[in-house]
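Colleague: Please arrange chain B on chain A, whose structure you already have, making use of the hints.
For the protein sequence lines, the chains are A and B, in the order given. Using this note's numbering, you'd call the opening residue of the first sequence number 49 and step up by one each time. Using this note's numbering, you'd call the opening residue of the second sequence number 49 and step up by one each time.
Hints listed in this document are in silico derivations from the structure and should not be mistaken for laboratory results. Be a bit skeptical, because a hint or two may be false.
So, partial list: chain B residues that the calculated Cβ filter (under 7 Å) puts toward chain A [claimed, not checked]:
#1 Y56
#2 N79
#3 C101
#4 F166
#5 Q223
#6 D226
#7 G303
#8 R305
#9 V364
#10 L368
Pairs of lysine-lysine residues, derived as DSBU-like cross-links and limited to a Cα-Cα distance of at most 30 Å, are as follows [unchecked claim]:
#11 B:K113 to A:K113
#12 A:K113 to B:K58
#13 B:K58 to A:K58
#14 B:K83 to A:K113
Even glycine gets a Cβ: it sits at the ideal position worked out from N, Cα and C.
Residues per chain are reported as follows:
There are 2 protein chains.
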Amino acid sequence: MATINSAYRKLASGYLFPEINRRVRSWQERNPDKKVLRLGIGNTTEALPQAICEAMIEKVEELGKRETYTGYGDEQGDGYLRAALVEYYKKGGVSLEMDEVFVSDGAKSDAANIQTLFSIDSVVAVADPAYPVYVDSNVASGRSEGWDENLGMYKDLVYLSCTEENGFIPPLPSQKVDLIYLCNPNNPTGAVMSHEQVKRFIDYARKNKSVIIYDSAYSEYITEEGYPRSIYEIEGAKECAIEISSFSKFSGFTGVRLGWTVVPRSLVCEDSKPRELNRMWNRRQTTFFNGASNIAQKGGYAALSGEGYEQSRVLVAYYLENARLIREGLQRIGLTVYGGINSPYIWAKTPNGIDSWTFFDQLLDQCHVVVTPGGGFGPAGNQFVRVSAYNHRENVEEAMKMIQENLMI
Amino acid sequence: MATINSAYRKLASGYLFPEINRRVRSWQERNPDKKVLRLGIGNTTEALPQAICEAMIEKVEELGKRETYTGYGDEQGDGYLRAALVEYYKKGGVSLEMDEVFVSDGAKSDAANIQTLFSIDSVVAVADPAYPVYVDSNVASGRSEGWDENLGMYKDLVYLSCTEENGFIPPLPSQKVDLIYLCNPNNPTGAVMSHEQVKRFIDYARKNKSVIIYDSAYSEYITEEGYPRSIYEIEGAKECAIEISSFSKFSGFTGVRLGWTVVPRSLVCEDSKPRELNRMWNRRQTTFFNGASNIAQKGGYAALSGEGYEQSRVLVAYYLENARLIREGLQRIGLTVYGGINSPYIWAKTPNGIDSWTFFDQLLDQCHVVVTPGGGFGPAGNQFVRVSAYNHRENVEEAMKMIQENLMI
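The shape of chain A in the complex, shown without the other chains (with noise of 0.2 Å):
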């Protein structure tokens, strides 16, 4: 007689982004002559870098041709791909070894099943607001006792409160944790980490013997000096903490799907061998991910070095004068806004203190603009709402023109 996980049941309503679906399809379908402006999720919107569409390209004629086709590659990536995210690392002053990195198909699937390497009790700390999933992925493998409808937490979970007064920086937790996770440049807020604000989690991991799991996704928004692309660049790093980054948002790979993680051998937690959570993660993908698509991989390759990298600058720049764009026009109408610099999010306070959710409807029936309500990300988020600068030009023009001519606060 088959059981189902039952750790699923804990989990509340559906994932953040499909309920966001949901409603702007509702409401396309009560207003089918309206054109939506989306800045909710963060999705990228401008064409791949020509680059990186000819390695593809190349690829796929490779491919297409007896002599140079392959097939099954290595599950933690093709070594050239490997070698060039070393040599990436190298340049910003990071000393990997190959075997040190994973390449993936994204870092959504690292991120969530990163929680497969350490035991089930493991207390877990997440910045609040924070990307749901983290959250998730651990109340679906049995983190929590379930979801606390007063609290609007997750119980067992330790979440870090990210607030204006702390200028959404998370504070070191009150409380032993095994695991915390910190996104840098931070999904949602649009706030970044100092070397020094992170180094406080770093020696708090290493007293503790804590381990960080650390997204970078957003590591190329950075553009003010003083603030780590990697957390290796932090002493003591390479001893607790395992880095998560992603192509997509840097060269536009978001349905292309690319990324990479890094495990390095000196990682250590209370029990483990030396070396052994890099072979345990490697042993978790040999075993349960058959490697990233090959083409895909080829276009990573590209968006790395030389021409292909200088488009993706490119990009990135394209969306971070968007963020300015956001940022400026939300000012204007009088809203308090903070991120937008140093990352593609605007993390934006409703007016009047209402909650994100009812913001959320008002944008999108005055203004037509989606954005995303900030309590999705937890319980700290409840009066903002994320405002990606994720669409083209013209789109966020006329989201911040509708914006500023229909919204009633």
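Modeller: Structure of chain B alone, referenced to chain A:
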């Protein structure tokens, strides 16, 4: 103090194929001037069909233009591909709804992850021999107390022994089990279960409220009448079976990565509500996965109809002809062989009852031919090797010649 998922320590030595790779690399280093003939891993070698390449190149070109660029697709797969898969099943007389079909990055990932839907105390039955992913994913998730060195089996798993006597058709479990993994046509034995033989498992599953995980990745290799291409051809399967399949062996997508899983709405187990398992897999995929590569999905769509389908059938026929050459070539030197008619795999009995790893080493040393030791698939494989039809025709011919001329038995 983070601690590891200690279930990983229950896993015996490395996953089968990395182990083979290590042995071959070591041999090649000792014999740098010799050509290795690889009939081990089921890795496709022939050019990807032109219609599929064209479809993928067209998609990359669309990604390279702002007007036609697309980012994130649905995690469950793009609608056009799910619809095409529903049509593909319909041609075989199987009627599915679109929301019962989930596109993924390949059958391996799904086969490994599907067990997360079920409770950790599920009793798992696997055919012996079996694709190692079924076993290893369950062990890594905590369903075994570890490897039993004497039996050459994992404790707590139920092995359904497939032997010459039963024609390599797994017997029904003699005890109650919760999950049953079946692969048909079978990897590694090349045997195929008839409708009637599969029906016995469906009857067992419905009576015991077990769930069958049915891997049909090789269904396009069925050349004879009387064998099901999908488990849903058989009455009652939608109440008790999940089907996992793949474009890898059908259209040469081993490196491109694309597969799918069917979780019927009517699938139930002991404690599930109506549609709950279908919704759970949807939740799993939307939380832990972000969709297959949009380029691969266009390729998969091209593979399902018209020219792409015809060209894929030619590819399958090519490998099946290789299988015939291997089957007959090995028979010629007096080996007892099975499979290779409705399957790209030949299951060859080792001569004089020697162990499969010994025969593996012998074939490598004497004939420079790599096969897969049957023992890697379970104890019932200890006196067999799997010979794969995936190689160029001339290499298959050369391998048969090398074996015929040099094997000392």
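Colleague: Does each hint fit the structure? Answer for all of them.
Modeller: To see whether the hints hold, each was checked on the structure:
1. Interface hint status for B:Y56: upheld, as the beta-carbon distance to the closest one in chain A is roughly 5 Å, under 7 Å.
2. With a least beta-carbon distance of about 22 Å to chain A, the hint placing B:N79 at the interface is violated under the 7 Å criterion.
3. The interface hint given for B:C101 is met, as the beta carbon of that residue sits about 4 Å from the closest beta carbon of chain A, less than 7 Å.
4. Checking B:F166 against chain A: minimum C-beta separation of about 6 Å stays under 7 Å; hint holds.
5. Of the supplied interface hints, the one on B:Q223 is violated, with its beta-carbon coming no nearer than about 12 Å to a beta-carbon of chain A, more than 7 Å.
6. The beta carbon of B:D226 comes within 4 Å of a beta carbon in chain A, closer than 7 Å, and the hint placing it at the interface holds.
7. For B:G303, the shortest C-beta to C-beta distance to chain A is roughly 4 Å, which falls under 7 Å, so the interface hint holds.
8. Evaluation of the B:R305 hint against chain A yields a held restraint, the C-beta minimum of about 5 Å falling below 7 Å.
9. With a cut of 7 Å, the hint placing B:V364 at the interface with chain A is violated, because the nearest CB-to-CB distance is about 15 Å.
10. A least Cβ separation of about 17 Å between B:L368 and chain A goes past the 7 Å threshold, and the interface hint is therefore violated.
11. For the hint linking B:K113 to A:K113, the alpha-carbon distance of about 26 Å falls within 30 Å, and the restraint holds.
12. Pair hint A:K113 plus B:K58 does not hold up; C-alpha atoms about 43 Å apart against a cutoff of 30 Å.
13. The hinted pair formed by B:K58 and A:K58 meets the criterion: a straight-line CA distance of about 28 Å does not exceed 30 Å.
14. For the hint pairing B:K83 with A:K113, the CA-to-CA distance comes to about 22 Å; that is within 30 Å, so the pair holds.
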